[in-house]
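J.: Below, each chain spelled out in residue letters.
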Amino acid sequence: MSNFNEADQGTYVVLAPEGKFNLVAAPPIKARIDDLVAAGKARIVVDLQAVDFIDSSGLGALIGGLKTARQQGGDVRIAAAGEQVRAVLKLTNLDRILSPYDTVEEALHDW
Amino acid sequence: MAMPPSTGRREAEAVARTVSAERYDRFVRLAQAIFGAPIAALNLIGNDSQFTVASVGFPKGEMPVEDSVCQVTVQQDHALEVRDLREDERFASIPSVTGPPRVRFYAGTPVRGQSGQNIGALCILDLVPRRLGRQQLEMLSDLGALLERELAVQEEMDLAGQVQQLMLPTSAPDIDGVEIAGRVQPAREAGGDYFDWFVVNDPDGHGKRLQVVLGDVMGKGLAASLIASEVRAVLRGHSRYTDVGDAVSRTWMTTHSDLEANDRFSTLWVGRLDPITGELDYLDAGHGLAIIASQRGYRRLTQDYLPLGMPIEETWVKASDVLADDELLVVVSDGVFDVLDDSFDQVEARLGDILDPGLTCRQIVDRIVDFAVSEAATDDVTALAVRRVASS
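Just so you know, the protein sequences line up as chains A and B, in that order. Under our numbering, think of the first position of the first sequence as 16, with each following residue one higher. Under our numbering, think of the first position of the second sequence as 3, with each following residue one higher.
Hints were generated in silico from the structure; no laboratory data involved. It cannot be assumed that every hint is accurate.
Unchecked claim - Straight-line alpha carbon distances no greater than 30 Å define the calculated DSBU-like cross-link-like pairs of lysine-lysine that follow:
no.	chain 1	residue 1	chain 2	residue 2
1	A	K82	B	K62
2	A	K45	A	K56
3	A	K105	A	K35
4	A	K45	A	K105
5	A	K105	B	K320
6	A	K35	A	K56
Remember, predicted model here, so these are calculated numbers, not experimental data.
Model the full assembly from the supplied sequences, consistent with the hints where possible.
T.: Written as structure tokens, this is what we have:
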């Protein structure tokens with residue numbers, strides 16, 4: 016099994032990766048998002064609380080997942096991002112399309 | 003019995019110098035286990051030496067080629083089996099037969115390189131005479147074919163890396179009044195980072211400008227390097243005819259469908275410098291890692307644009323700054339920023355290391371890249387440094 020937890024909350028699904036979100040960890044998350052969207056579950060929150068490092072491959076998985084989900088009328092949102100994750104999102108301006116929410120609850124605000 | 007040099011032998015020497023032993027150790031371990039032999043090895047046959055690059059029960063290293071059994075195997079296109087080396091006049095007097103480990107039995111299958119010629123052999127040795135059955139000999143050949151495939155993949159990757167290195171500018175740009183250097187250290191054989199520089203005519207007709215580029219395609223390895231090559235070439239093409247903002251917009255239009263189809267994105271920082279006045283136009287597409295630094299401090303050259311490949315259409319418009327004649331323009335990739343904990347406080351703390359005016363741009367990029375590598379960077383690492391100098 017991949018090193019992330021999954022919780023299906025009915026109207027949305029929470030994915031929670033751990034540790035380094037990089038070239039090794041990113042493809043399984045991306046594949047899971049694709050499968051969830053294909054199964055009609057296109058509202059996904061990625062809980063980044065336990066992620067201490069993200070690189071461009073991790074960002075790529077989130078952006079790729081977001082594109083897939085939005086095509087099906089859903090979205091990928093991120094919650095509880097740590098300092099490094101926020102710094103990288105800000106650096107690349109990707110926070111413009113993938114805005115970080117403080118908590119999973121806040122990420123759900125209009126769902 | 004010295005053999006004439008051949009393509010295969012030259013290739014064997016090149017592979018022996020670059021090969022990573024761990025990659026092939028599992029093949030020799032497998033051979034040892036399957037055939038119950040005390041010794042198994044992958045030997046590459048060069049002009050004068052046999053290189054044992056992977057082995058169990060026998061030391062890795064180099065020996066004179068005339069003392070090798072595998073050098074006979076590489077001259078045939080099928081496996082060689084010798085029941086008792088002592089009773090074969092070709093081998094009876096070689097040191098590993100007459101002295102320790104006193105091997106008696108040999109079976110080896112030739113391994114071809116990219117050139118199509120044999121470059122070495124996968125072999126097993128025993129201390130007692132024996133025979134492999136037909137089926138076992140076939141298994142040895144099958145294992146050799148698998149190893150051949152592994153070698154081919156590795157060589158292909160190394161070649162891709164060389165091609166990518168050759169696409170980097172190596173000579174000083176044909177323009178007065180500027181010093182520049184850049185360096186890429188890919189995490190694998192090839193990668194998504196690159197830099198570029200070239201001279202363009204200013205579209206307003208005011209003379210020559212130096213354009214510098216640092217790009218970073220998401221991900222690592224061969225796939226990222228293919229996309230990087232495309233973005234590089236397209237940007238080069240468009241840059242000849244227009245300003246940096248428009249060149250990036252056109253590059254986005256041209257590459258967008260390929261980036262989308264491959265689910266990739268690319269950050270890009272492009273600068274265009276007039277070495278005479280120091281006027282610097284730039285465009286930052288989600289890169290964020292360009293600074294102008296001097297003893298007085300530093301400022302970042304950033305904009306709010308997304309990287310190329312995002313699902314949002316943008317119109318890229320250049321920004322401008324001036325590079326004073328005592329200032330240094332430095333652009334790095336996130337592989338460098340990651341080892342600084344993605345923090346500009348850390349960047350500031352390290353700036354003193356590269357601001358010594360006695361350092362050349364070459365030394366500056368070496369310092370940056372060597373530092374990132376020594377801090378165990380896991381990503382591709384790239385640095386580019388530019389400054390103005392008195393015209394010659």
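J.: Indicate, hint by hint, whether the structure satisfies it.
T.: Hint check:
1. A:K82 - B:K62: Roughly 51 Å separates the two Cα atoms, so the pair is violated.
2. A:K45 - A:K56: holds, 14 Å
3. A:K105 - A:K35: holds, 18 Å
4. A:K45 - A:K105: holds, 21 Å
5. A:K105 - B:K320: holds, 20 Å
6. A:K35 - A:K56: holds, 26 Å
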